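K.L.:
What follows is each chain in one-letter form.
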Amino acid sequence: MRMRSKIQAAFDQIRAEDALKERTKAFVHVKTQGRRQDRARRRAFALAMACLTVLLLGGGGYLSYAMPVAAIGVDVNPSIELAVNIFDRVVGVTGYNEDGVRLAEELGVQNMRYLDAIEVVLSSQPVASCLQRGMTLELTVACASQEKAQAMQSLIADNTGIPSQQIYCCNQEEAQQAHEAGLSLGKYRVLLQLQEVDPDVDVQAVQGLTMRELREMLEEAGGSETPSAQQNQEHCQQEDQQGQAQHNGLGQGQGQGKGQGQGKGGKGA
Amino acid sequence: MRSEQEVNRAIDTYADTVRRICMLHLKSASDTEDIFQEVFLKYALSAASFTSEEHEKAWIIRVTVNKCKDLLKSVFRKRTIPMEEGMELPQEGREDHGEVLEAVLSLPAKYKNVVYLHYYEGYSAVEISRILQKNVNTVYALLSRARRMLQERLGGEDEDAE
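Quick mapping for you: the protein sequence lines, in order, are chains U and R. Letter 153 of the first sequence, counting from 1, is numbered 153 in the numbering used here, and no numbers are missing. Letter 57 of the second sequence, counting from 1, is numbered 1057 in the numbering used here, and no numbers are missing.
Hints were generated in silico from the structure; no laboratory data involved. Values in this document were obtained by computation on a predicted structure and should not be read as measured data. Watch out, some of these pointers could steer you wrong.
Below 30 Å or equal to it, Euclidean Cα-Cα: the simulated BS3-like pairs (lysine-lysine) are [unchecked claim]:
#1 Lys1110(R) - Lys21(U)
#2 Lys25(U) - Lys1057(R)
#3 Lys1057(R) - Lys1069(R)
Sequences are here, hints too, so could you generate the full structure?
P.N.:
This is the structure in structure tokens:
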């Protein structure tokens, strides 16, 4: 018999006992069970943390997307306001009179870039027909950051061709007061101008009026009319840099001289 | 970590191989059981992926040989039960092939693995050099000397030498 055959025959007799195999299986099972549970727990924890992170990021992203940081008031006869988020997208449309509410429902500018949304508003039938009839269009940009408000004002003017003197800036406090009074940004601003010359004028007196009627009312009362673009710009800068009391005094002085000259020209056109 | 099913399959498949290697080196049943536990626990926890059954078997053999070496080197190793007391060698096998087994077991430790891997498992010298991580020429030399020693003790022909 050859050596290989002898060795193979000899080693073939050596086998692991079934009891040894079973004890080994039981031992490995016991030793790995804890680790398997730990691993399952770690996986579950990691999964939970991943879900939480996704929720937080998603929730945070949604909140930052849905949160308006600026508003653009469009006043002609329909008075509407576009709420704009940090990504320059429209996240809300509010109507401030009957026509405005109807227009807000029809527009479909949600999530649109605000410049595109303004184009849609201006080309909508109710606004376009008002403009054709020579009604006064005013846009008002409200933003906590006056720098951002100025940038938006400039972009809107460049993009739409609307003269800068018809695009106003206001601060967040004024915007809030306008909302509390239930007026659009543009109408509230004219109301403030009216109240300077006639303190008896209140919100109810101006609520149903169009911008044109308001302007005429202001003119009759002897108040300032549409300020110039430069004045608008100064208005924004002053609100950003100076205190409110100082700003009011300076704004009035400039508004009287420049505003009247241009306002008459505008009316005649 | 491998599943319980994988581990049980490996134990069923490779238990005899591990048992034979343990027999080459260890003299007690409890040491053999320790090696079984360590080898298959390592297998259960290992992330090693195997390309074939042969690859997996070679891994099991290498781990078993290394575990046996470690156990023999361990200064804490106190339990030394004579093989005859602890091992349950088949009586029939011992009667028929006792001389062959004794001849192999009587070889110096460094020859036992190469003899078993070459003559029983059928590995070539090159494959043995990979499994045991030894120089291939060393494996050839070990095989040659082991063959001579076994022939002296058992007689018979060796087809490898022909």
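K.L.:
Could you run down the list of hints and mark each one as holding or not?
P.N.:
The hints, checked one at a time:
1. Lys1110(R) - Lys21(U): This hinted pair holds, its Cα atoms lying about 28 Å apart.
2. Lys25(U) - Lys1057(R): holds, 18 Å
3. Lys1057(R) - Lys1069(R): holds, 18 Å
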